[in-house]
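Chemist: Respectively, the protein sequence lines represent chains G and F.
When we follow my numbering, the leftmost residue of the first sequence carries the number 1, and every step to the right adds one.
When we follow my numbering, the leftmost residue of the second sequence carries the number 1001, and every step to the right adds one.
Careful, some of the hints might be misleading.
[To be verified] 30 Å max Cα-Cα, derived DSS-like pairs, lysine-lysine:
1) Lys1049/F with Lys55/G
2) Lys127/G with Lys1474/F
3) Lys1319/F with Lys309/G
4) Lys113/G with Lys1019/F
5) Lys1076/F with Lys1004/F
6) Lys1039/F with Lys309/G
7) Lys309/G with Lys1135/F
8) Lys55/G with Lys1019/F
9) Lys1081/F with Lys1004/F
10) Lys1382/F with Lys1521/F
11) Lys1076/F with Lys1135/F
12) Lys1068/F with Lys1152/F
13) Lys1385/F with Lys307/G
14) Lys1319/F with Lys307/G
15) Lys1518/F with Lys1319/F
16) Lys1068/F with Lys1004/F
[Claimed, not checked] For the chain G half of the interface with chain F, some residues (derived, Cβ under 10 Å), not all of them:
17) Ala37
18) Ala40
19) Val43
20) Phe46
21) Ala47
22) Lys49
23) Asp116
Just so you know, the hints here were simulated from the structure itself, not pulled from any lab data.
No experiment lies behind these values; they were computed from the predicted model shown.
In this text, a Cβ means the ideal position worked out from N, Cα and C, and glycines have one as well.
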Amino acid sequence: MNAFYGLFIVCALALAALVGVGGGGMTGLFAVAIPYAAVAIFVVGFALKVMCWAKSPVPFRIPTTGGQQKSLDWIPYARYDNPVNSRDTVVRMILEVLTFRSLFRNTTAVLGKTPDGKPQVGYFSEKWLWLAAILFHYSFLLIVIRHMRFFTEPVPLPIQWLDWADSILQIYSPTLYQTNLLFLAGLGWLLARRLLYPQIRYISNAADYFALFLIIGIALSGIYMRYVAKVDIVSIKQFTMSLVMFSPVVPKEIAPSFFVHLFLVCVLLAYFPFSKLMHLGGVFLSPTRNLPNDSRIHHHENPWNPKIKPHSYEAYEDDFREAMVEAGLPVVKQLEEEA
Amino acid sequence: MALKPEELLATIDYLNPPKTGWMETPNDFSPGRWPYPAKPDLHRAMGFKHAHEWKADEKDWHLPENWKQIISEGFKARLDKYRSFKVFMDVCVRCGACADKCHFYIGGGDPKNMPVLRAELMRSVYRADFTTAGKILGKLNGARVMEEDVLKEWFLYFYQCTECRRCSLFCPYGIDTAEITMMARELLHEVGLGINWIMEPVFNCNRTGNHLGIQPHAFKEIVEFMCDDIEEYTGVRINPPLNEPGHEVLFITPSGDAFADPGIYTFMGYLILFEAIGLDYTLSTYASEGGNFGLFTGADTMQKLNAKMYSEAKRLGAKWILGGECGHMWRVINQYMDTMNGYIQEGSNLTTPRNPITGTVFHNAKQTKMVHITEFTADLIKHGKLDLSPERNNHLRVTYHDSCNPARGMGLLEEPRYVIKNVCNNYFEMPPQTTREQTFCCGAGSGLNTEEIMEIRLRGGLPRGNALKYVQDKHDVNMMACICALDRATLIPVADFWAPGVQITGVHEMVANALNLKGQKKREVNLRGEELEEV
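Pulled out of the complex, with its shape left as it was, chain G reads as follows (with noise of 0.2 Å):
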């Protein structure tokens, strides 16, 4: 059920775009006033919840420590894992930006038998999640990169290697891009393994399904675009620079479907920062993950430390000071003094 809510809200945005923009005569809304209007509110709403969540202080360094310590000089210690310096921690924090590392771990529990009947619990490596994950974020990144050469002009060398790179199998015309297939392959299991696992539907909710569908209509709108419609980039090209010189003119020749594609983008740009995306963010900022493991090295300082007092050795010689003398236990105040 949530699955097709999240489907039947994209299907309705995809749509809402064509009748917009075809019949509607909206185009300078969708052309024009939306995109600048998602674009403004991704940076800004991207910026104050970033700035949201540094306004609360980090009390205690609390990293999870994923190897052994760092104690005795002969013990070797996990470095990456349980760092205790900030060259380290930024080491793992890179690993595990750029390599989804905690991802890596993954086992999945299976309730079985052993050959001879008797019960077991078995952990398995499970990477294709982390598998699906790492093709879907990369060609995510490397699509990204590549569209600009919708915004700029001339296109920046590096950007022309990578179109260059990804369209390396010179297959079918126009070329395909590698990353359009492994994107798509990505995304179809993140999509699929919420389906097919009774465990991850249930955990799922529409927001979850919203978001997978809609990057996929962004996708499959592009690939439609370019490999069906075939659409004319000339003018698409003229129109986006036309928005990055904040002049903007929209062609007549440009094709319904491209504003399909546009506003799918624009939604995720505006969505993204009220959304669970913003782990894109939250990543760098997770106090398990981005601290060194150091409190008995050095001190850190809690900002609201309440600094509670216990309850005192006097008061605690004061409640049993005849016991503990009866005991032979030293005390600091003898039992004549206290009367």
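With chain G fixed as given, assemble chain F onto it according to the hints.
Modeler: Leaving out everything else, chain F in the frame of chain G:
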């Protein structure tokens, strides 16, 4: 426990979650599903407001009239105090990588025990109260309004989390359910909801210096009884100093080790070790608790209880503190202690710990001035300062259980293993997905080691119990060592249920059994008083 292991296993079904969505699935408060509420006078005595009588299986929990406001304001206050909490409320993508990492989920199959859903119990309320998208989109965006049933659900499931942090290891954003559970429990305490198994130790610890409520004279008696046993078994009389100023080291260990089998053997082990090396130390009755049930209550309580350690070290003029075998105690010491209470060190004699026997300086404890006993003993063994006869442990086939907190909140993994391998000759590791940083909880950490929820504990103990069974079958393991006083209590029912025949020991019990004392008589029995085979 009415169920047999096979029957319990047969009830686990990962593939068929409830037909109803998780927001619509009602709470199940059947007997055995919830720990008993805290006694109101104890709750009140610890400074919590709204202490009242209530029972989880009754419809009316007698909440204060403005409870929604208290929760909402408390929620906001904590978002502003903890970046961790704020980020963890926002960034989860529900990828499900954490789902089957939780021992309670593995052993029960209840989807609300998947860390992701446990956190969603709070996130859903967060979205409705504090986010634009949640306010507008409501349930479509996973938001729901706070109601009494939601609060009850929090109680039910945040007391089915042992704050072991295994999920956080696998989360691509490091979301730590322990952090979320702590916030939920703090909020529950604010409206008068706590559990007695936590509140009573907290109250005791505050007044008597330890969770068990052992008063100073009784503590001395217990130590003397242990010394009597040690004298009987080894022929050497030890007289450990108590509350004495002027010693180099203050030794603090969880009070669980002063109370019951097999913890007391570990305590005896410490005393024998210190005697063997001639350590200049004192015990304290005022600071006679290494553990800290405040961690399971709230940050303020944790700070209040922990502050005794530095206060007592300062009063007694100790140069550094040596800490015993305890799990959550070391999370507190490693990640909270100096940050919270370091200011108390000012004006004390505390200095960077140095092992007086080997000369090793513990640079890793430069700021806290507190050393873990296995770090200390590993250093002694490495320098050949202990006269060991590991063959006295030859009847043991040992495996080692990493406690959650020293593993994932510290990284104390090799030190205990080094010690064990030097004091006994038969050592076997459990499967790697169940040890070290991937270790599984005993099923009853974070104050859940109470009898009334035994079925939940045994379910949570399945992953550990099953891994133990594996090495029992494969290597005839008959002893599981651990460095946690709670484990020494909680692993016994887990082992009896899932791997009957395996016993539980502290590491320093085995150290002392292997350790030779000057002037000892022929060691014919171990610290449990069991006869040793001729070796």
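Chemist: Are there hints from earlier that the structure breaks, and if so, what are their numbers?
Modeler: Checked against the structure, the hints that fail are numbers 5, 7, 8, 9, 13, 16, 17, 18, 19, 20 and 21, while the rest are satisfied.
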